[in-house]
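For reference, the chains in residue letters:
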Amino acid sequence: MTALLETRGVWQRFGGLVANSDVSISVGRGEIVGLIGPNGAGKSTLFNLIAGVLPPTQGSIMFDGEDVTKLPAAERCQRGVGRTFQVVKSFETMTVIDNVIVGALIRNTKMRIARQKAYEVLEFCGLAARADKLAADLVPSEKRRLEVARALATEPKLLLLDEVLTGLTPVEAQTGVELVRKVRATGVTVLMVEHVMEIVMPLVDRAIVLNLGKVLVEGKPTEVVRNPEVISAYLGDRHAVGA
Amino acid sequence: MDTQFAQRRRRDLIVAACLAAIAALVPLFVKDVYVQNIMVLTLMYAALSQSWNILSGYCGQISLGHALYFGLGAYTTALLFTKFGVLPWFGMLAGGAISAVIAMALGYPCFRLRGHYFVIATIVIAEIALLLIQNWDWAGAALGIDIPMRGDSWLKFQFARSKLPYFYFALTLACIAWLVTWWLEDSKWGYWWRAVKDNPDAAESLGVVVFNSKMGAAAVSAFLVAVGGSFYAQFVSYIDPESVMGFQFSLLMALPAVLGGIGTLWGPVLGAVILIPLTELTRAYVGGSGRGVDLIVYGALIVAISLALPKGLVSVFSMLSGRKEAAR
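Residue numbers (this note's numbering), protein chains in the order written: chain A, -17 to 225; chain B, 1107 to 1434.
Keep in mind that the hints were calculated from the coordinates and are not lab data. There could be a bad hint or two in this list.
Short derived list, chain A residues pointing at chain B, Cβ under 10 Å [as the list claims (entries may be wrong)]:
| hint | residue |
| --- | --- |
| 1 | VAL35 |
| 2 | PHE67 |
| 3 | SER72 |
| 4 | MET76 |
| 5 | ASP80 |
| 6 | ASN81 |
| 7 | GLY85 |
| 8 | ARG97 |
| 9 | ALA117 |
| 10 | GLU129 |
| 11 | ALA135 |
| 12 | ILE181 |
| 13 | SER214 |
No residue lacks a Cβ here, since even glycine has one placed at the ideal position from N, Cα and C.
Make a model of the complete structure from these sequences and hints.
Now the structure itself:
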C-alpha cells in the first residue's frame, strides 16, 4: 500500500533563506508520526507546505495517491487534510459549537446534520459542556482542543497537529496525548510537530528529525533520542561527545 | 441544545412577524404625511442597513462605498423607465442584477485587500462612480433625471396622492432583507462568512474558499441595496448623482447596523428605528436655527449610545435575558 502522505524533494526558499532543502518524508496510513527538531529547523514551513498555505519552491507533495502540490489549503481540506495552528486561531465571536460546525459543513450540506456531527465531535474531544460558550471565553487548553475538534469535524484522513501539546500543564498534556491516541484509533493518520521530546516520544510510532531545513534522522523514537546527531542538534556538540 | 437553538430561531421569526404586522397597522392610525414619510425612510434604511450588514457585518468586509449600489439601482430603474419605458419592477430586478455583477467585478481585485485598505478602496470606487455619472450626459449628468408622473399606478409604481403604497413596499423590502438574513444566518454561507470575518486563515484550513465567500456576500448585499435604490428613485421621483450616490448614503447604511449591533440579525432594524427618526426629529426641532445644532445633537446622541453600549443596542437584550437566566 502506498503512503498516505509523501513529500518528494521539497524545497522552500524565502529570499536568500532556505527553510526546507530537499525534504522527502512519507507518512503511512494509520501512523502517528512526530516531526521534531530545534527551533528554526523548518518544521512549521514543512507543515504549511503540506497544509497548502503556500506552494513549495521546488518538489512535489503527494497525498492519498494524488499530486496536491498546486492545490490551495481549502482544496486540500476537501481531500482530507485537517490541521491545527501553532498559535490558536479560534473564531472568537462564534460559539464553540459554531466553530466546529464550520468544519463539519465541508462534508454535510444539511445544517441539522452538520450541527449533530459537530456536537458528536465536541463530545469526542471532551468539550460538549462548553458547546454554547463563546470561543473567546475558553481557557488556553480548551482552545487547543477546539482546534483539534474543528479539524476533526472535516473528517480528515490526515490530521496535522502543530504543537498542540506545547505550553500545557502536565495533566492537560496527558489528556491531549490520550485524545491523539483516540483520534488514531478512529483510523485517522496523525503527523504532529512538537519540540517537547518527553511528551511526544512515548506517543509516536516514528519520529522524523529536521535540522537546518533538512531531514537529519528518521526512525523509532527510542533510536532517535539516542542518536548522537540528534543530541548534537538539540544540545550542541559537547553533549554528543559525552553520550 | 439542538432544540434550544431551533427555539431561538423560531422565536426570532415570530417576533419579526408580530413586528411586521404591527408596523402594517400603524398607518391606519397615523395620518400625518410628515410622520408617514419618516416611517418610509426608517423602513428603507432598515432594509439597506440589513443588506449592508450581510457583507460588512457577517462577512466582515467593511464597505463604505455601498452608495454605489444604491445609486446604480436608482439610475438603472430611472433610465430604463424614462428612456425605454421599462416598468420600474423590471428596472428593480435589472438594477439588482447589474449591481451584483459589478460588486463581484470590483470584488475580484478588492477582496485581495485586507482591513483598512479594503475600506479605502470601497470609498474611492464609489467616489469615482459618482464623478462618472456626474459627467455622463445621456444619463442627465449633474442635473439628474426627472421621473415623469403619469398618474397613480401600481404597474408604474408611482403615487402622487398617498404615501401608503411606498410605506407598504418599504415594509415588504425590510421584511425581505430581514428574512434573507435570517435564512442565511443558519446556512453554510452564514457560517462561512462569520468564519471568514473572524479568521480567514483558519477558515481556509477548514475547507472554506474565502474568496468565493466574500464574492457571494458582496453579490447578495449589492443586489438588495440596489433594489432599495430603485425604490428610492420611485419614492422621490427625481434623482441626481449627489442625491443617490453621495457618500452620506454609504454612512447612513452603515450607521444603523453599527449602532444597533454589527453582524447581528436585529442590529440594523433596531439601529434604523432609533437613528432615522432621530435624524429627522433633530432636524425638525433644532435644525431651524441654521447653525447646525441638529447635527451636534445627533452626533452627541450617537457618541453617547456607542460609549454606553459598544457592542450595539442589541446587547441590551442579551444583558436582560442574561439577568433573567441568572435570576432563575
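Against the structure, the hints:
1. VAL35: Result: holds, 8 Å to nearest chain B Cβ.
2. PHE67: holds (7 Å)
3. SER72: holds (7 Å)
4. MET76: MET76 of chain A check passes; min Cβ-Cβ to chain B is 6 Å, inside 10 Å.
5. ASP80: Hint holds; ASP80 of chain A Cβ to chain B Cβ min 7 Å, cut 10 Å.
6. ASN81: Hint on ASN81 of chain A: holds, closest Cβ of chain B at ~8 Å, below 10 Å.
7. GLY85: holds (5 Å)
8. ARG97: holds (6 Å)
9. ALA117: holds (8 Å)
10. GLU129: holds (8 Å)
11. ALA135: holds (8 Å)
12. ILE181: This interface hint is violated because 24 Å lies over the 10 Å limit.
13. SER214: Since the shortest Cβ distance to chain B is 35 Å, the answer is violated.
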